[in-house]
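Enquirer: Those protein sequence lines, which keep their order, are chains A and B.
Counted the way our numbering counts, the first sequence spans residues 6 to 131.
Counted the way our numbering counts, the second sequence spans residues 6 to 131.
Honestly, the hints are just simulated from the structure, not real lab data.
Hints are supplied without guarantee of correctness; some may be wrong.
If several chains are the same, the list does not tell them apart, and a pair holds so long as it fits within one copy or across any two.
Stated by the list, open to error - With a Cα cut of at most 16 angstroms, we get these calculated EDC-like pairs of lysine to aspartate or glutamate:
no.: 1; residue 1: K14; residue 2: D50
no.: 2; residue 1: K82; residue 2: E123
no.: 3; residue 1: K14; residue 2: E85
no.: 4; residue 1: K127; residue 2: E27
no.: 5; residue 1: K14; residue 2: D73
Since this is a predicted model, take the numbers as computed values, not measurements.
What follows is the residue order along each chain.
Protein chains: 2
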Amino acid sequence: MKTKSPVYKPINLNEKFLKFKELWSPRIIAQMNDYHFKLVKFQGDFIWHSHPETDETFIVVQGELRIDFRDGAVILKSGELFVVPKGKEHKPCAKQECQIMLVEPIGTVNTGNSVSAERTAKDQWI
Amino acid sequence: MKTKSPVYKPINLNEKFLKFKELWSPRIIAQMNDYHFKLVKFQGDFIWHSHPETDETFIVVQGELRIDFRDGAVILKSGELFVVPKGKEHKPCAKQECQIMLVEPIGTVNTGNSVSAERTAKDQWI
């Protein structure tokens, strides 16, 4: 009896982005050790928050993202990344809808230490 | 006395890729917790190896990459990613030069468990 070979499939970011429309609502696309790769669409202003336990990586796949800090800001365009250090207060914002890939430990909550239940998203796989 | 605000700069992948030409020689561009983001250029065949301690993420920025496994293969194009599981033997190869971003724990050696000193690269920041 032959055993079937496993099928290895790449994860295509653009195809995954077509699968959801909701803003500020991260979707998990891959796991590496105890980290998740997540896709998220931003438009408008998020809330100030920080992640006391972890750095957080933003990679812009399409569009433009600004991340405000209490003492400055960084503007990220397609093909650019930035690591927000652990504990640093930040506020993502985008004039136009942008497409972002996040890399962060499993269970990292989008609103971090903020108490905004309204903006807190439950991560889900797509 | 005014204190100077810090300058926050995005990391631009294309600009970083222009800074080196060597194949199979990862360059570190960012750190997130105890992980590194690395850029690498592949062309031709690498050697069979595995990383017994960690998963390894490949993200294709430009070109096309094939990763061979003992029981199959995956082909990745620009905008696609794949996580090679911990301990899984693999061999990256590329007909034409391709540009890859790797995400893996600090200190992960490009040749993994292989004994090929010739192909083992010393990671360096750019």
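Enquirer: Now, for every hint given, state plainly whether the structure supports it.
Expert: Comparing the hints with the structure gives:
1. K14 / D50: Classified as neither; 35 angstroms inside a copy, 20 angstroms across copies.
2. K82 / E123: neither (28 angstroms within a copy, 38 angstroms between copies)
3. K14 / E85: The answer is between: 10 angstroms across copies meets 16 angstroms, while 25 angstroms in one copy does not.
4. K127 / E27: Cα proximity of K127 and E27: one copy only (12 angstroms, versus 43 angstroms across).
5. K14 / D73: Classified as between; 12 angstroms across copies, 37 angstroms inside a copy.
In this structure, the hints that do not hold are numbers 1 and 2, in rising order.
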